[in-house]
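Colleague: One line per chain: the protein sequences are A and B, in this order.
Under full-length UniProt numbering, the residue at position 99 of the first sequence is numbered 99, and the numbers go up by one with no gaps.
Under full-length UniProt numbering, the residue at position 534 of the second sequence is numbered 534, and the numbers go up by one with no gaps.
A hint or two may mislead.
[What the hints assert, rightly or not] Here are the computed lysine to any residue pairs in the SDA-like style, where the Cα-Cα straight-line distance is at most 25 Å:
(1) K191(B) / A283(B)
(2) K134(A) / R24(B)
(3) K248(B) / D111(A)
(4) K248(B) / A106(B)
(5) K6(A) / R162(A)
(6) K103(A) / R50(A)
(7) K478(B) / K266(B)
(8) K266(B) / E65(A)
(9) K141(A) / K266(B)
(10) K427(B) / T210(B)
(11) K20(A) / K478(B)
(12) K519(B) / A549(B)
(13) K246(B) / K6(A)
(14) K134(A) / I109(A)
(15) K141(A) / Q388(B)
(16) K141(A) / G208(B)
Hint data in this document are derived by calculation from the structure and do not stem from the laboratory.
Keep in mind it's a predicted model, so treat the numbers as computed, not measured.
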Amino acid sequence: MQRIIKNGQIIDETWHLLPKDATLDSLSNCDDYIVPLALWVEHSTALKARDGGLGVWLEAGEEIEEIADDLDNFQVIALNFPAFTDGRHSSTAYLLRTRYGYKGEVRAIGDILRDQLFALKRCGFDAFALRADKDPVDALKAFEDFSEVYQASADEPLPLFRRRA
Amino acid sequence: MYVYDEYDQRIVEDRVKQFRDQTRRYLAGELSGEEFRPLRLQNGLYIQRYAPMLRVAVPYGLMSSAQVRMMAKIARDYDKGYAHISTRQNVQFNWPELEDVPEILAELATVQMHAIQTSGNCIRNTTTDQFAGVARDEIIDPRPWCEIIRQWSTFHPEFSHLPRKFKIAVNGAASDRAAIEVHDIGLEAVKNEAGELGFRVAVGGGLGRTPIVGSYINEFLPWQHLISYLDAILRVYNRYGRRDNKYKARIKILVKALTPEVFAEKVNAEWAHLKDGPTTLSAEEVHRVADHFIDPAYRELADLDADLAKLDAEHPGFARWRQRNTVAHKRPGYVAVTLSLKPTGVAPGDVTDKQLDAIADLADRYSFGEVRNSHNQNIILADVEQQQLFTLWSELRELGFATPNVGLLTDIICCPGGDFCSLANAKSIPVAEAIQRRFDDLDYLFDIGELDLNISGCMNACGHHHVGHIGILGVDKKGQEFYQVSLGGSAGRDASLAQILGPSFAQDEMPDVIEKIIKVYVEQRTDEESFLDTFRRVGVDPFKERVYAANH
Numbered sequence: 001m002q003r004i005i006k007n008g009q010i011i012d013e014t015w016h017l018l019p020k021d022a023t024l025d026s027l028s029n030c031d032d033y034i035v036p037l038a039l040w041v042e043h044s045t046a047l048k049a050r051d052g053g054l055g056v057w058l059e060a061g062e063e064i065e066e067i068a069d070d071l072d073n074f075q076v077i078a079l080n081f082p083a084f085t086d087g088r089h090s091s092t093a094y095l096l097r098t099r100y101g102y103k104g105e106v107r108a109i110g111d112i113l114r115d116q117l118f119a120l121k122r123c124g125f126d127a128f129a130l131r132a133d134k135d136p137v138d139a140l141k142a143f144e145d146f147s148e149v150y151q152a153s154a155d156e157p158l159p160l161f162r163r164r165a
Numbered sequence: 001m002y003v004y005d006e007y008d009q010r011i012v013e014d015r016v017k018q019f020r021d022q023t024r025r026y027l028a029g030e031l032s033g034e035e036f037r038p039l040r041l042q043n044g045l046y047i048q049r050y051a052p053m054l055r056v057a058v059p060y061g062l063m064s065s066a067q068v069r070m071m072a073k074i075a076r077d078y079d080k081g082y083a084h085i086s087t088r089q090n091v092q093f094n095w096p097e098l099e100d101v102p103e104i105l106a107e108l109a110t111v112q113m114h115a116i117q118t119s120g121n122c123i124r125n126t127t128t129d130q131f132a133g134v135a136r137d138e139i140i141d142p143r144p145w146c147e148i149i150r151q152w153s154t155f156h157p158e159f160s161h162l163p164r165k166f167k168i169a170v171n172g173a174a175s176d177r178a179a180i181e182v183h184d185i186g187l188e189a190v191k192n193e194a195g196e197l198g199f200r201v202a203v204g205g206g207l208g209r210t211p212i213v214g215s216y217i218n219e220f221l222p223w224q225h226l227i228s229y230l231d232a233i234l235r236v237y238n239r240y241g242r243r244d245n246k247y248k249a250r251i252k253i254l255v256k257a258l259t260p261e262v263f264a265e266k267v268n269a270e271w272a273h274l275k276d277g278p279t280t281l282s283a284e285e286v287h288r289v290a291d292h293f294i295d296p297a298y299r300e301l302a303d304l305d306a307d308l309a310k311l312d313a314e315h316p317g318f319a320r321w322r323q324r325n326t327v328a329h330k331r332p333g334y335v336a337v338t339l340s341l342k343p344t345g346v347a348p349g350d351v352t353d354k355q356l357d358a359i360a361d362l363a364d365r366y367s368f369g370e371v372r373n374s375h376n377q378n379i380i381l382a383d384v385e386q387q388q389l390f391t392l393w394s395e396l397r398e399l400g401f402a403t404p405n406v407g408l409l410t411d412i413i414c415c416p417g418g419d420f421c422s423l424a425n426a427k428s429i430p431v432a433e434a435i436q437r438r439f440d441d442l443d444y445l446f447d448i449g450e451l452d453l454n455i456s457g458c459m460n461a462c463g464h465h466h467v468g469h470i471g472i473l474g475v476d477k478k479g480q481e482f483y484q485v486s487l488g489g490s491a492g493r494d495a496s497l498a499q500i501l502g503p504s505f506a507q508d509e510m511p512d513v514i515e516k517i518i519k520v521y522v523e524q525r526t527d528e529e530s531f532l533d534t535f536r537r538v539g540v541d542p543f544k545e546r547v548y549a550a551n552h
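Could you build all of it, start to finish, from the sequences and the hints given here?
Modeller: Below, the structure written as structure tokens:
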């Protein structure tokens with residue numbers, strides 16, 4: 001079972017992340033699933049009727065605007081990083097938290113490594129599924145990288161210049 | 001200049017710790033080369049042809065004498081005794097050991113310096129006019145705005161992995177010495193009819209593989225909204241800039257693909273959500289920062305035109321130097337002095353540890369303890385008393401900084417090229433030197449007048465060849481180093497991109513080629529006409545005919 005970082009703690013993963021080509025047939029009624037965007041778009045009614053938990057995941061090029069009206073349906077929104085250097089979903093997470101007021105879990109998935117965690121957390125991610133070969137315990141140290149920041153972001157509504165003593 | 005408070009200092013010290021640990025993990029094999037690469041790049045560390053190259057940030061080119069002495073110390077202790085002034089006003093070291101870099105950063109932090117975001121796909125060092133704060137044609141001192149942008153851009157969490165690098169320049173004067181129209185974002189300080197300050201915003205300019213002059217998308221952005229508007233531009237770019245091809249990933253490609261009008265609409269739509277939010281700049285914050293850039297303790301002096309003219313008459317060398325290497329100052333009795341780092345036989349922009357120490361001493365004695373690096377790769381003492389000018393000149397001559405060539409053909413902008421850089425297709429330094437040797441006659445050089453000659457060793461265009469009046473680009477032709485020549489570029493207010501002359505040349509042909517181009521200009525020019533103006537009037541053909549005549 002994979003372990004993920006959630007709110008600065010390491011927890012056992014209980015959600016099933018479905019691949020892009022997943023179909024409705026493969027789903028049980030009670031398990032918790034994070035489904036690809038396409039499956040949600042096509043089968044939202046059926047997915048909503050299930051008893052298990054529901055999340056959705058977006059590829060790096062998929063835009064949050066597409067599901068902006070559906071956010072209440074998801075306990076988890078996972079955002080995929082095909083490479084850790086692809087920063088598109090940093091903006092997605094920021095928008096989810098600040099513009100759409102999403103309060104559920106925003107999870108970083110894909111090529112997620114320790115040295116990106118500090119900035120990703122600032123943008124609004126609260127959960128991180130590290131790349132399989134990386135140790136989440138080691139990665140927790142990343143949250144201590146900086147003790148002060150200049151900008152406003154999802155974690156801190158005020159820029160430093162409004163907080164300077 | 002800006003002085004760190006405890007917050008700024010803590011952020012830079014946290015960075016030293018972070019990078020020390022990243023380097024340790026890389027050396028221990030916990031981070032792969034591929035994983036370490038973007039981390040080290042965002043700290044200005046390249047792995048180069050012979051050794052790592054470390055690019056130290058010099059925010060908007062401004063350094064205190066203590067910082068200059070630190071550059072000297074690093075050159076001495078960790079390098080081969082010299083440093084290089086880059087075309088982004090930064091300082092580069094060509095020979096540090098990777099293992100030493102964390103220690104170098106720790107030393108930098110003691111003088112409020114760092115190497116943050118001097119490379120990588122993030123927001124780079126914001127640049128400006130090397131004469132900021134002292135220029136006679138200045139409307140607004142751009143430095144406080146550069147510092148505000150520096151703080152906003154430092155470790156911006158959302159924009160730390162952009163599609164590609166991102167460069168911002170600010171101009172506050174009538175002339176544009178910051179080349180804002182060839183930047184990803186160019187900001188020009190302007191005042192509206194009510195006398196209020198704002199910025200005219202250009203986006204999508206840039207050099208590199210696809211040179212483009214930027215498009216203005218906002219004619220007047222009130223200063224309060226600078227940060228929220230920058231956030232909006234960057235968010236649109238971060239989300240929609242291309243990531244499938246690194247050669248099409250700069251914001252200029254996105255602006256061009258969408259058209260500047262549509263890009264501006266997208267920015268405005270995004271900005272509508274941010275405008276008047278907490279990132280709106282307050283007068284208090286602007287004053288806090290601007291208070292670091294108030295005038296130094298100038299004395300009440302008068303201009304010494306007659307005295308200096310007398311010295312000119314007695315010392316033709318001084319007259320020449322004064323003509324080329326000094327610039328009028330906003331205060332009577334003061335003058336800004338450019339130290340030429342372009343004597344023949346020295347790689348353009350290179351400076352030794354001893355010279356750096358000497359520059360720091362000069363800054364303390366003549367110019368309130370500060371210097372500026374220019375994007376033309378020279379160093380400026382901005383606040384020199386005219387009555388000390390002659391003494392300073394004598395000292396500069398001893399130190400090798402008095403070559404009277406600023407703005408002339410031999411004041412060449414030149415990247416490190418194939419001698420150092422692993423990206424380069426061709427060497428650039430030997431070409432610069434060969435041209436400098438050919439034009440060693442000062443009378444001829446002065447007669448030719450204002451001329452920007454820029455050399456890049458590859459199409460990444462670190463030597464800004466597209467905006468040289470004469471641009472030289474190193475190209476690879478079947479494994480051989482060749483050089484393509486272009487004419488008519490300009491980085492000034494009338495920014496234009498140079499036009500390619502024709503087929504490229506071998507390295508040893510280059511001095512002849514440049515000489516022929518200059519001869520055409522000298523023959524064609526009217527009385528006071530500059531090279532650029534002549535080129536714009538007569539076009540490329542007369543140059544082409546002369547240069548390629550022998551080949552026909």
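Colleague: Are the hints correct? Go through all of them and say.
Modeller: Comparing the hints with the structure gives:
no., hint, in the structure
1, K191(B) / A283(B), "holds, 16 Å"
2, K134(A) / R24(B), "holds, 17 Å"
3, K248(B) / D111(A), "holds, 23 Å"
4, K248(B) / A106(B), "violated, 36 Å"
5, K6(A) / R162(A), "violated, 29 Å"
6, K103(A) / R50(A), "holds, 21 Å"
7, K478(B) / K266(B), "violated, 44 Å"
8, K266(B) / E65(A), "holds, 14 Å"
9, K141(A) / K266(B), "violated, 38 Å"
10, K427(B) / T210(B), "holds, 21 Å"
11, K20(A) / K478(B), "violated, 45 Å"
12, K519(B) / A549(B), "holds, 14 Å"
13, K246(B) / K6(A), "violated, 34 Å"
14, K134(A) / I109(A), "holds, 13 Å"
15, K141(A) / Q388(B), "violated, 56 Å"
16, K141(A) / G208(B), "violated, 38 Å"
Hint compliance for this structure: hints 4, 5, 7, 9, 11, 13, 15, 16 are broken, all remaining hints hold.
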